[in-house]
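**Q** Modelling step: build the complete structure from the supplied sequences, incorporating the hints.
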Amino acid sequence: MALELSPGVNVVSHLRYKLLKFAYERRGEATKDDLNRLSREVMLEIERAFSCEALTPLFRAVDGHVERAVKALEELGYAAIYNRNLGLMTRLAIHLRSPYTSPLELGTSWDPYWNLPYIPATSLKGAIRSAAELTRTACLRDLGTLGEASSVVVLDAYPILCPRGRSLVTVDIINPHYREVEGEVSEVESRPTPLAMLTVTSGAAFRIAILATRRRPACTEEALSRLVSEALRRGIGAKTSLGYGVFKSIE
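The opening position of the sequence shown corresponds to residue 29 in our numbering, with each subsequent residue numbered one higher.
Each hint should be verified, as a subset may be incorrect.
[To be verified] The calculated lysine to any residue pairs, modelled on SDA-like cross-linking and capped at a C-alpha distance of 25 Å, are: (1) K99 to N113; (2) K99 to E57; (3) K267 to G231.
[As the list claims (entries may be wrong)] Okay, the calculated beta carbon distance ranges per label pair: (4) Y52 to E103: 48 to 58 Å; (5) E176 to S253: 42 to 52 Å; (6) A89 to L270: 29 to 39 Å; (7) N111 to W142: 13 to 23 Å; (8) Y52 to A108: 48 to 58 Å; (9) R192 to A100: 24 to 34 Å; (10) L104 to L270: 31 to 41 Å; (11) R262 to E53: 42 to 52 Å; (12) K276 to T84: 33 to 43 Å; (13) N111 to N64: 17 to 27 Å.
Treat the hints as calculated values from the structure; they're not laboratory data.
Note that the Cβ used here is the ideal one computed from N, Cα and C, for glycine as well.
**A** Structure, rendered in structure tokens:
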């Protein structure tokens, strides 16, 4: 009996089950194209299973988890600088290669505990640092240096709602034209190769929480908040130059 995917079935475990089943049935005779087809089939399965209506209880649970983390850090002396729900204006592609979902390479970062796509804190902080470097703000040092720890704490960001009648995730296509041959791009062998990747649907909203220590003489709370807003406006994750990962406030 085939295992049917649902929000109650762990996606990472399901991926590994599918991969092991595939490897056993093919017994070493599979090609890279076969693996790509399997990856696309699994992505479509996830898209069908993760409807927005089915995820409401999970959204509430993960939002409560973030709220508890924020309160715990405030009790330790941190101040919440940015604690808002933001909506995706465009699709989100984050961590195109994830250790939890390889070798099927879903194209999105997936939390194996909450069983949801998410934005790792490292990706958020990297985008904030990039914005700080471009704007030459005094907040750059507060994000940490080789010799000094950061005074800013960025939490993993999780989806907390998505549009009714849609799925939280959408299968997207990238279409590379070139393959590398011995480290070089061969123009003669160029041909479109459609590859599927899983993205978070535009219109989904994420809870983004960022805190900092209260002793920041050079970087005010307002300046740090503006910096975070600028980073989110520029885009988070992969393919931002093509318009992916752009957020706007929904509050």
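**Q** Which of the listed hints are broken here?
**A** 2, 5, 12, 13
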